[in-house]
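With the sequences and hints as input, model every part of the structure.
Going down the list, the protein sequences come from chains A and B.
Just so you know, we're using the numbering used here here: the first sequence kicks off at 1 and counts up by one.
Just so you know, we're using the numbering used here here: the second sequence kicks off at 1 and counts up by one.
Hints in this document: simulated from the structure, not taken from any laboratory.
Any given hint could be a false lead.
[Said to hold, decoys possible] Pairs of lysine-lysine, DSS-like flavour, derived with a Cα cap of 25 Å:
#	chain 1	residue 1	chain 2	residue 2
1	A	Lys113	B	Lys132
2	B	Lys132	A	Lys154
3	A	Lys339	A	Lys148
4	B	Lys222	B	Lys232
5	A	Lys239	A	Lys304
6	A	Lys148	B	Lys63
7	A	Lys239	A	Lys287
8	A	Lys44	B	Lys132
9	B	Lys232	B	Lys38
10	A	Lys314	A	Lys190
11	B	Lys232	B	Lys98
12	A	Lys148	A	Lys34
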Amino acid sequence: MLSYSTAIKTATVLLIGTWLLSMQKHQTALSIPKQWPEPIYNFKDNPIDPLKIAIGRQLFYDPILSANNSISCESCHSPFTAFAHTDHPLSHGIGDSIGNRNAPAIMNLAWQKSFMWDGAINHLDKLPLAPISHPSEMGSNIETVLVKLNQSHKYRTLFYEAYGDSLINSERLLKSMSQFLLTLVSDNSKYDQVKNDKAVFTDQEARGYQLFKSNCSSCHQEPLFTNSQFENNGLAVSKSLNDLGRYQISQRSEDSFKFKVPTLRNIEYTSPYMHDGRMTSLTEVLKHYTSGIHYSSTLSPNLKNGIVLSSTEKTDIITFLLTLSDPQFIFNPSYQYPKSSSK
Amino acid sequence: MILKPLHNSRFFALKMLLFISLTLIQQTLKGLNADSIKVHFSFLNSQHILNTDSSYTLSSNKKLLLSKFKFYVSNIQLDQEGHSSTVDRAIYLIDFSKPEANVITMNKEFSGSETISFDIGIDSIGNSYGAKSGSLDPVNGMYWTWQSGFINAKIEGSMAHDSSLQNFQYHIGGYSYPNNTLQHCQFPLAKTAEATINIDLIEFFNTIDASAGMQLMSPGPKAVQVSKLFSKCFHIQQP
Chain A
1 MLSYSTAIKT ATVLLIGTWL LSMQKHQTAL SIPKQWPEPI YNFKDNPIDP LKIAIGRQLF
61 YDPILSANNS ISCESCHSPF TAFAHTDHPL SHGIGDSIGN RNAPAIMNLA WQKSFMWDGA
121 INHLDKLPLA PISHPSEMGS NIETVLVKLN QSHKYRTLFY EAYGDSLINS ERLLKSMSQF
181 LLTLVSDNSK YDQVKNDKAV FTDQEARGYQ LFKSNCSSCH QEPLFTNSQF ENNGLAVSKS
241 LNDLGRYQIS QRSEDSFKFK VPTLRNIEYT SPYMHDGRMT SLTEVLKHYT SGIHYSSTLS
301 PNLKNGIVLS STEKTDIITF LLTLSDPQFI FNPSYQYPKS SSK
Chain B
1 MILKPLHNSR FFALKMLLFI SLTLIQQTLK GLNADSIKVH FSFLNSQHIL NTDSSYTLSS
61 NKKLLLSKFK FYVSNIQLDQ EGHSSTVDRA IYLIDFSKPE ANVITMNKEF SGSETISFDI
121 GIDSIGNSYG AKSGSLDPVN GMYWTWQSGF INAKIEGSMA HDSSLQNFQY HIGGYSYPNN
181 TLQHCQFPLA KTAEATINID LIEFFNTIDA SAGMQLMSPG PKAVQVSKLF SKCFHIQQP
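Below is the structure:
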């Protein structure tokens with residue numbers, strides 16, 4: 001027989017549980033990590049909802065987005081490499097086609113003003129349209145994708161649950177994808193723990209951090225490790241790609257050979273480096289900045305005087321860069337292939 | 001999980017009945033008082049619907065075949081005694097392949113305005129919105145996927161010139177400095193609640209420099225040039 005106190009305990013647990021659940025339900029924006037700026041993404045236009053995140057996650061891993069159901073977002077953005085494409089300098093797409101840029105890592109997108117190496121995309125919601133339509137990526141188009149999804153009982157059910165209507169249109173599709181992408185927040189590296197007084201740097205990491213601050217942080221600004229600007233970082237122009245970078249979007253000569261400054265968070269996992277993936281190790285990257293700068297009229301002013309580092313100092317910087325790794329982000333089960341929720 | 005049936009037939013019939021009666025009431029009310037302002041769009045002098053099967057004669061030796069002709073209209077303003085007021089913040093997609101998409105009806109009382117003005121295209125704010133349905137839905141084929149931005153106007157088809165046939169694709173767009181293709185138009189009104197704006201494509205094709213190629217598919221200085229020319233082909237038709 002149930003005792004009086006057990007009943008009270010059960011009731012309390014139930015009440016707290018319900019309260020926690022309702023809290024979860026009412027959370028409509030991401031929680032902002034301490035000392036981070038306000039997100040750029042406007043959550044009022046697309047309030048966070050677990051059911052919509054789940055749809056975005058399904059879609060992220062579903063090759064239904066490509067013309068012949070062969071390529072998903074994950075094909076080039078693996079969760080285990082911070083959503084970058086390890087070992088592939090240039091993105092691989094439909095029918096073994098090869099793109100002209102290195103698939104970037106995906107994280108902290110709510111704080112990003114523009115997307116792609118040249119900033120071609122101005123809003124996260126519009127981003128999936130680019131790979132879906134690109135002939136060397138998914139080779140499809142939004143109209144076809146919507147027809148396919150509307151024929152899928154699984155997706156119609158998911159959209160009905162999330163939107164109260166089983167019709168799948170581009171607005172719902174794109175907003176759901178944004179929701180999943182927005183949840184990919186990396187804020188628990190050793191660097192973050194140090195900042196939150198939960199860990200301390202080793203002497204070498206601390207030296208590396210100081211060197212980083214005086215040599216690298218004007219472009220790779222904390223806490224996101226990017227200033228969100230476009231810079232020419234002194235790479236010799238590849239003759240085969242002849243990629244003009246930001247110029248292709250802005251048509252302004254002062255933007256020639258400029259590319260978006262990428263974040264350095266999780267850099268340990270995101271080799272190869274640079275917009276065309278020409279470098280495979282961090283040692284190579286630092287060697288470029290100290291002795292490989294190719295001078296041209298649009299070279300970043302931050303690199304004009306050259307960066308001088310001894311080999312010990314380079315090792316110290318690399319040791320610091322490894323504190324930007326966030327294993328919890330890499331192995332977060334809620335970011336991975338949605339095995340259990342497939343119906 | 002059980003899905004709600006999409007069309008319960010009895011409910012559907014009831015909804016249809018309600019819809020028909022509402023439409024009838026609306027039509028009757030419209031006849032009684034003109035509290036709406038209408039702007040009709042036509043091309044090549046009073047063509048309202050695009051006929052992809054027949055050609056339009058531009059001059060004695062030029063024939064025009066149109067397959068697509070659509071453009072955005074936004075920021076509609078009516079001016080009276082020097083005061084302008086934005087009467088409609090909506091963004092309209094005029095599409096001559098759809099009979100219902102060549103007229104803009106604004107539910108506003110007409111108070112004898114002297115001029116009407118609007119933008120051809122979408123401004124930088126509209127270009128920076130997140131995902132939207134309706135006229136801004138990318139399924140309308142008016143959105144560039146490789147670079148964020150709406151195509152302000154799309155004119156596609158071919159030109160038969162003597163015995164040669166040349167295809168053209170004018171996708172006019174670009175919203176940021178210095179290649180902003182948004183164009184503002186202003187016309188006098190004949191103090192009526194209805195106006196017709198005609199787009200003179202004869203003027204467009206006679207003026208455009210075809211030697212520079214009749215393909216335009218990205219923002220840039222050429223797009224700005226074509227957008228200016230396109231906006232000059234808009235003329236008001238007085239009743």
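Hints, one by one, checked against the model:
1. Taken as a hint, the Lys113 of chain A and Lys132 of chain B pair is honoured in the structure, with Cα atoms around 19 Å apart against an allowance of 25 Å.
2. With a C-alpha separation of about 24 Å, the suggested pairing of Lys132 of chain B with Lys154 of chain A holds against the 25 Å cut-off.
3. With a C-alpha separation of about 21 Å, the suggested pair Lys339 of chain A and Lys148 of chain A falls inside the 25 Å cut-off, and the hint holds.
4. With a CA separation close to 16 Å, the supplied pair Lys222 of chain B and Lys232 of chain B stays within the 25 Å bound.
5. At most 25 Å may separate the alpha-carbon atoms for a hinted pair to count; Lys239 of chain A and Lys304 of chain A meet this at roughly 23 Å.
6. Restraint check for Lys148 of chain A and Lys63 of chain B: not satisfied, since their Cα atoms lie roughly 40 Å apart, outside the 25 Å limit.
7. Of the supplied pair hints, the one linking Lys239 of chain A and Lys287 of chain A holds, its CA atoms being roughly 21 Å apart against a limit of 25 Å.
8. As the CA atoms of Lys44 of chain A and Lys132 of chain B are separated by approximately 14 Å, the hinted pair is consistent with the 25 Å bound.
9. Pair hint Lys232 of chain B plus Lys38 of chain B holds up; C-alpha atoms about 21 Å apart against a cutoff of 25 Å.
10. Among the hinted pairs, Lys314 of chain A with Lys190 of chain A is consistent with the structure: their alpha-carbon atoms are about 19 Å apart, no more than 25 Å.
11. Restraint check for Lys232 of chain B and Lys98 of chain B: the C-alpha separation of about 24 Å stays at or below 25 Å, so the hint holds.
12. Proposed proximity of Lys148 of chain A and Lys34 of chain A is contradicted: the alpha carbons are some 42 Å apart, above 25 Å.
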